[in-house]
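Residues per chain are reported as follows:
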Amino acid sequence: MSYHKPEKDFTLYGETFSSRFLLGTALYASPQLMRDSIIQSRCEIVTLGLRRQNPANRDGDAIWQYIQESGCRLLPNTAGCKSVKEAVTLAEMSREIFNTDWIKLEVVGDDYNLQPDPFGLVEASEMLIKKGFKVLPYCTDDLILCKRLLDVGCEVLMPWGAPIGTGQGLLNRYSLRTLRERIKDVPMIIDAGLGAPSQAAEAMEMGFDGILLNTAVAKAHNPPMMAEAFGDAIDAGRKAYKAGLMQKRQTASPSTPTIGQPFWHQQ
Amino acid sequence: MINQHPQTIAIAGAGLLGRLLAWQLQKAGIQVTLFEAGSFTPDTPQSNRAAAFTAAGMVAPLSEAVVSDADVYRMGIYALQQWPAWLAQLPATDTPLFFNNGSLVVAHQQDTSELDQFARELGFVLPNCTGYQQLNQQEIHQLEPDLHSHFHRGLFLADEGHVNNREFLRLLGDEIIATGMNVRAHTPVDVFPGKILTESGAEHFDLVIDCRGLGAKKQLRNLRGVRGETLHVETKEIQLQRPVRLMHPRYQLYVVPKPNHRFIIGATQIESEDRSPVTIQSSLELSSALYTLSPAFAEARIIEMDTNLRPAFMDNLPKVAVQDGLITVNGLFRHGYLLAPAVVENVLAHILNKPEPIFSAQLNSH
Numbered sequence: 022m023s024y025h026k027p028e029k030d031f032t033l034y035g036e037t038f039s040s041r042f043l044l045g046t047a048l049y050a051s052p053q054l055m056r057d058s059i060i061q062s063r064c065e066i067v068t069l070g071l072r073r074q075n076p077a078n079r080d081g082d083a084i085w086q087y088i089q090e091s092g093c094r095l096l097p098n099t100a101g102c103k104s105v106k107e108a109v110t111l112a113e114m115s116r117e118i119f120n121t122d123w124i125k126l127e128v129v130g131d132d133y134n135l136q137p138d139p140f141g142l143v144e145a146s147e148m149l150i151k152k153g154f155k156v157l158p159y160c161t162d163d164l165i166l167c168k169r170l171l172d173v174g175c176e177v178l179m180p181w182g183a184p185i186g187t188g189q190g191l192l193n194r195y196s197l198r199t200l201r202e203r204i205k206d207v208p209m210i211i212d213a214g215l216g217a218p219s220q221a222a223e224a225m226e227m228g229f230d231g232i233l234l235n236t237a238v239a240k241a242h243n244p245p246m247m248a249e250a251f252g253d254a255i256d257a258g259r260k261a262y263k264a265g266l267m268q269k270r271q272t273a274s275p276s277t278p279t280i281g282q283p284f285w286h287q288q
Numbered sequence: 052m053i054n055q056h057p058q059t060i061a062i063a064g065a066g067l068l069g070r071l072l073a074w075q076l077q078k079a080g081i082q083v084t085l086f087e088a089g090s091f092t093p094d095t096p097q098s099n100r101a102a103a104f105t106a107a108g109m110v111a112p113l114s115e116a117v118v119s120d121a122d123v124y125r126m127g128i129y130a131l132q133q134w135p136a137w138l139a140q141l142p143a144t145d146t147p148l149f150f151n152n153g154s155l156v157v158a159h160q161q162d163t164s165e166l167d168q169f170a171r172e173l174g175f176v177l178p179n180c181t182g183y184q185q186l187n188q189q190e191i192h193q194l195e196p197d198l199h200s201h202f203h204r205g206l207f208l209a210d211e212g213h214v215n216n217r218e219f220l221r222l223l224g225d226e227i228i229a230t231g232m233n234v235r236a237h238t239p240v241d242v243f244p245g246k247i248l249t250e251s252g253a254e255h256f257d258l259v260i261d262c263r264g265l266g267a268k269k270q271l272r273n274l275r276g277v278r279g280e281t282l283h284v285e286t287k288e289i290q291l292q293r294p295v296r297l298m299h300p301r302y303q304l305y306v307v308p309k310p311n312h313r314f315i316i317g318a319t320q321i322e323s324e325d326r327s328p329v330t331i332q333s334s335l336e337l338s339s340a341l342y343t344l345s346p347a348f349a350e351a352r353i354i355e356m357d358t359n360l361r362p363a364f365m366d367n368l369p370k371v372a373v374q375d376g377l378i379t380v381n382g383l384f385r386h387g388y389l390l391a392p393a394v395v396e397n398v399l400a401h402i403l404n405k406p407e408p409i410f411s412a413q414l415n416s417h
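First to last, the protein sequences are chains W and B. So for the first sequence, this note's numbering puts the first residue at 22; every next one is plus one. So for the second sequence, this note's numbering puts the first residue at 52; every next one is plus one.
Keep in mind the hints are simulated off the structure, nothing from the lab. These figures come from a predicted structure and were not determined experimentally. Using N, Cα and C, we set each Cβ at its ideal position, and we do this for glycine too. Mixed in with the good hints, there may be bad ones.
To be verified - Non-contacting residues of chain W with respect to chain B, defined by C-beta distances greater than 10 Å in every case (computed):
(1) A50
(2) Q53
(3) L54
(4) D82
(5) I84
(6) Y87
(7) T161
(8) L164
(9) R194
(10) I204
(11) M227
(12) A257
(13) L266
Unchecked claim - In silico contact screen, one side only, chain W against chain B (beta carbon under 7 Å); selected entries:
(14) N75
(15) A77
(16) G81
(17) Q86
(18) E90
(19) K155
(20) G186
(21) Q189
(22) H242
(23) P245
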């Protein structure tokens, strides 16, 4: 049997993907670098924001088309929306422009760290799901918030590792572990806050289903190379999770006499 | 590729590149016709004028190397020498046209990691660069006494300057008219090798140079516009000796001091071809950045808000494509004044059959 069989079990809203890496398209020094990074990441889903691009007039067409040419599934987001109404309106506009009912839902609660507004998020999710959207909510690691999002019909959760763009990694491992243990059968993607591939690998080892990030790649000196590094780390973390990590052991004090040393000398 | 020394040249587009090339080629004894779709002297925003009128005129090789690459830096260093040389060829004027006082990069206390990221990136792009210096609170105060005292850390970039760009464009326009050049304003054109097509028909030239910026979008695949918004304010309460760049996690804004107590704050960078007026979101970002640099800006008067589109290729780098009868120059992105000297001298070398056009590897190979 092959030990390295490529998985095909990452399913979001009925669609199956072989890459568990979702990449953002903002902040790159040029669109060319963005696209090279997408290619090197081997990702199959890219997110894009359109809040500031005058979408009603389709003024962002040039760049949207360029992103579309990557062949990835587009996951439009509502980055920059601070109210339920703004987010819902933008989601509807992006459904029309990109011909997709997938939406990465962001409702910004704090202007400086872009922390999600959990109350607005639940409300907007419910409205959008009723309108036929497939909502992928960017949320915090709060268990009750995640349950509420599932209650209103979300089939994917995207809890943060840390606030957007901070590169802090998994700030609250306890919460994230609780989430994974309590919500076992819903795909959960760690979205935002990761700065290093090792952090992505750790999240995957914990059993999270995928990773979404942007800044850590876009702000690297060599974004395509960093995209590849994250892709590798996500693969490694997933394999490690599937392979079953050993339990950590306490080896500071030996449990049995060390060979060649009389046991009465060992204290 | 340019076979013989051309006698007649048509230039399409009277933005920064079009004007500079027309001026230099006329001086070289070539008969130049300059076509411009809009006005030759556009005074108001929203008049579809070239990006060069909206720009702050920065020549900032180090700051821009951080967001592009070492080639942009090298072409920018060349610009710092070339601008004074060009400006010396214009008739004398009382208004200073070029400032070479370095620039200052600062960040608020909670955003100082942005300064570290900036310095780290400089180290990557230019490993042996000595052109910048870390500053403490006191050193910042010595350089710019009017800046808010709460900036504890900053960077001083010595090799940076800026062009007094609107005054320069006006003077260059006057100079072009004074040479008796055939300037055809309000004349949109299509360009072909050796041929210009206007509404009234075809005109033939030995060589055509396409400098239309976004006006060439139909012909140039992957050329796009990138929206930028600026704020112009006036106040006598504060003086800055040099451009100041404020680093923030989500935007980088600069304030460029201009003569007559004016300041340009710019510029947003939005992946959109929307030329409509400045948004509230952007005006808040621009004006709050300005206000946090010094509260004295609170009583400055807003005299203009401007929007324009930067013509850019997908790698955000300029290109000079040379074929028989047609040279296409485009994609200077946010680097008009930074890269125009390298680009213009490269084009001139092709036309005047100089042996090795400068920056050929950067501009001509694609």
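G186/W as an interface hint toward chain B, with CB separation required under 7 Å: With Cβ-Cβ at 6 Å, under 7 Å, it holds.
L266/W: least C-beta distance to chain B exceeds 10 Å? Label holds. Min Cβ-Cβ 33 Å, cutoff 10 Å.
Please verify that hint: Q86/W, Cβ, nearest Cβ of chain B, below 7 Å or not. Cβ of Q86/W sits 9 Å from chain B, so the hint is violated.
Under 7 Å, Cβ to Cβ, is where E90/W needs to be relative to chain B, so tell me if that hint holds or is violated. Check failed: Cβ of E90/W comes no nearer than 10 Å to chain B, outside 7 Å.
Please check whether the beta-carbon of A50/W is more than 10 Å away from every beta-carbon in chain B. Its Cβ does come within 10 Å of chain B, the nearest being 5 Å, so this is violated.
Chain B contact restraint on Q189/W - CB to CB distance below 7 Å: violated, 11 Å
Just to be careful: measuring from the Cβ of K155/W to every Cβ in chain B, is the smallest value less than 7 Å? Interface hint status for K155/W: violated (25 Å vs cutoff 7 Å).
Does I84/W really sit off the interface, with its C-beta more than 10 Å from all C-beta atoms of chain B? The claim is violated: I84/W sits with its nearest Cβ about 4 Å from chain B, within 10 Å.
Are all C-beta atoms of chain B more than 10 Å from that of T161/W? holds, 19 Å
Over 10 Å to the closest beta carbon of chain B is the bar; see if Q53/W clears it. The assertion about Q53/W is violated, with a minimum of 4 Å to chain B.
Given hint G81/W near chain B, where the shortest CB pair must fall under 7 Å: Since the shortest Cβ distance to chain B is 5 Å, the answer is holds.
Closer than 7 Å between Cβ atoms is the bar; does N75/W clear it against chain B? Give me holds or violated. This hint holds: N75/W lies near chain B, its Cβ roughly 4 Å from the closest one there, short of 7 Å.
When held up to the earlier numbered hints, the structure conflicts with 1, 2, 3, 4, 5, 6, 15, 17, 18, 19, 21 and 23 and fits the remainder.
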